[in-house]
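Number of protein chains: 2
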Amino acid sequence: MTPKGFSFGGARCGLKNKRNDIGLIVSDREAQSAGVLTQNVVRAACVDHTRSVLGRGRLRAVVVNSGNANCCTGAQGVKDTSRMAELAASHLGVSAEEVAVGSTGVIGHTLDMTKVEKGILAASKKLGPDPMPFMEAILTTDLVEKWALRSLADPQVYIPGDKPDAGEGLIFGVAKGSGMIAPNMATMLSYIVTDLDTSALDLQQILNRAVSRSFNCMTVDGDTSTNDMLVLMANGASGLMPNAGDFEQALTDVCVSLAKQIARDGEGATKLIEVRVKGSGDPKNVARTIADSPLVKTALFGCDPNWGRILMAAGRAGVPFDLNTIRLALATRDEEYLLFQDGAPAIFDPKRVSAAMKSDYVIVDLRLGEGEEATIYTCDLGYGYVRINAEYHT
Amino acid sequence: MTPKGFSFGGARCGLKNKRNDIGLIVSDREAQSAGVLTQNVVRAACVDHTRSVLGRGRLRAVVVNSGNANCCTGAQGVKDTSRMAELAASHLGVSAEEVAVGSTGVIGHTLDMTKVEKGILAASKKLGPDPMPFMEAILTTDLVEKWALRSLADPQVYIPGDKPDAGEGLIFGVAKGSGMIAPNMATMLSYIVTDLDTSALDLQQILNRAVSRSFNCMTVDGDTSTNDMLVLMANGASGLMPNAGDFEQALTDVCVSLAKQIARDGEGATKLIEVRVKGSGDPKNVARTIADSPLVKTALFGCDPNWGRILMAAGRAGVPFDLNTIRLALATRDEEYLLFQDGAPAIFDPKRVSAAMKSDYVIVDLRLGEGEEATIYTCDLGYGYVRINAEYHT
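These protein sequence lines map, in sequence, to chains P and R.
At position 353 of the first sequence the residue is numbered 353 (our numbering), and the sequence of numbers has no breaks.
One rule links them: number in our numbering = place in the second sequence (from 1) + 1000.
There is no bait here: all hints are sound.
Straight-line alpha carbon distances no greater than 27 Å define the calculated DSSO-like cross-link-like pairs of lysine-lysine that follow:
| hint | chain 1 | residue 1 | chain 2 | residue 2 |
| --- | --- | --- | --- | --- |
| 1 | R | K1016 | R | K1079 |
| 2 | R | K1018 | P | K351 |
| 3 | R | K1126 | R | K1079 |
| 4 | P | K18 | R | K1351 |
| 5 | P | K351 | R | K1016 |
| 6 | R | K1004 | R | K1126 |
| 7 | R | K1004 | R | K1163 |
| 8 | R | K1351 | P | K16 |
| 9 | R | K1118 | R | K1079 |
| 10 | P | K18 | P | K118 |
| 11 | P | K115 | P | K16 |
| 12 | P | K126 | P | K4 |
Simulated from the structure, these hints should not be mistaken for lab results.
Chain P on its own, in the form it takes in the complex:
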């Protein structure tokens, strides 16, 4: 169940083992488009290409390869990115200026274009309503596919495992994440398509706000990639014209769901961590400092209710607070455990809290005082992260 007028394709051309590595999304008509791209000084040719084609605000397709980021590959890399757009365009009967390009994988190797050519042709012949072949094609070290779907009218967000029954006027997003995930960047590959008619709206501004409340509130290891990219296409095929507020909420819901799925599937992660900080000053900065602290992340991996490390991390964010008036708790889906209040540790049973922390979803709730509440999504840091990243040789 995906938005009207979009089709998806995936093929395996041999850039990586076993899984699809070329993906296509195609709109049967011109789609109003917007995007958020990496701000890293070191970036791939596909980022520049996609920024350029988004300048027109109209796309017909997206072509993505995994297994090779085509980054730090000089003039050849630029040429190969253009060629990917041209190949997709010619098979689909559209213009190369209507095709966004994404790449992900190792850095510094030129693309094997013989394989890529075959892959794009194969994917273009297998277009259909099922997004699964495309989702597989954008994964690298991800363990699971990530998607989120909601309709304009129904606030429910459907995710993997659900059987969507979302009605009409749909927003559907897919993402890949894993390592190198941090805020202030597009932070990963994500493609979001909708059949809503957004022609009356400023799509880029709405997307920027949705991203600032979702993907930019997520961190796995504080690192950000050379190829991060989010592209949104709205083709209007449903004929429904949402108002700006409803559309922004629905889009944000999809983005938040994808961000949480990415954090949960961080390299080596065993759980999704939601860090909530309330207070004046800069609560988002405090939440991010906690979420990026390796000492906090290893304690959470070890199911250790180590409030000392959480407060230590909060204390180095540069935001002043009074230890005597703060409140720190850990929570799971079911229950909350008070750890620190009124300047002293609360009385709690460490074994019981530790057992609860085995949950795959743990909330760190810190209240510094009155003020705004900020949320950052992250994951724990365990042996798996080291294994994946120490043994993933170039």
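Let chain P serve as the given structure and place chain R on it in line with the hints.
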């Protein structure tokens, strides 16, 4: 071989297992003193006490316990810190206002003062010229003692394993480090003593500059502690009066050596990493971003010459540079390996570079262009870091 007029003591009182946990350094006369203390909002009572007594600029002694940080322990913690100073003062026949106090260990538990009292008494009865019992007393997860010694006249810095023959006019420093090490803080416990007569110098200013070029150029995991403290005592017992420049250089040499020893002994570390970045703009920021990147640190642990991750980290520091003119190399003590130049990866044998990276000392050398050179000391990130920090329960 330590500076004249200083004696050292250590005792085991049971705050931690097996090793000494109470340490004393005593000067036989008033010593001009300066310090750098943690800037964390969450800080222990001993930090406030030591800041206060350093206000007078004169100390006679330092008392330190390990095994318990006496942090987040409220009014009782403040009282216990004062009591530690008073106990040391009374056994040594000095004033409590002349005694700095340091604590390190777990957060949130009040000190067992019965043990501490016995420990301070025992340490005060065992004072002597050998600093080893003191060094043992300040360690927590450190694997090795850390010290550095140089004289005013001889530029050689002696470190553990050396048999010092340094002449007269000595600067001797000890440190503990391991986890929670990051710049912009005192970053650990360190005590530096000298028998040089610095009465004509601004000791605090000189120390600030030495710290900015040493301890504040070091990071293990980006985290900083509630109890970080560096105290410098200069008692003039050698009768030698150095000029400001010579003294600052000698002090900086000792501080740099201690910082490198701390980075090398980071939790779970297998090697010291020296990140050197040369360029205009903010090369220190670029070096720190590389040094703090978990993806870079795990690659170095895995002996993977993954230049892509290094450039990716450099690229997200927010400092602009041109990929086509930069140069990146890895080096060991013996040899340099060019990885990236003129916008493209260099031709190198990954297996040979990987074998060289098994060294316990690897230099990341990045030249973005003309300009200043900045150096940051750090360590790799391996399974040991996760093991220590996930299994170190409160």
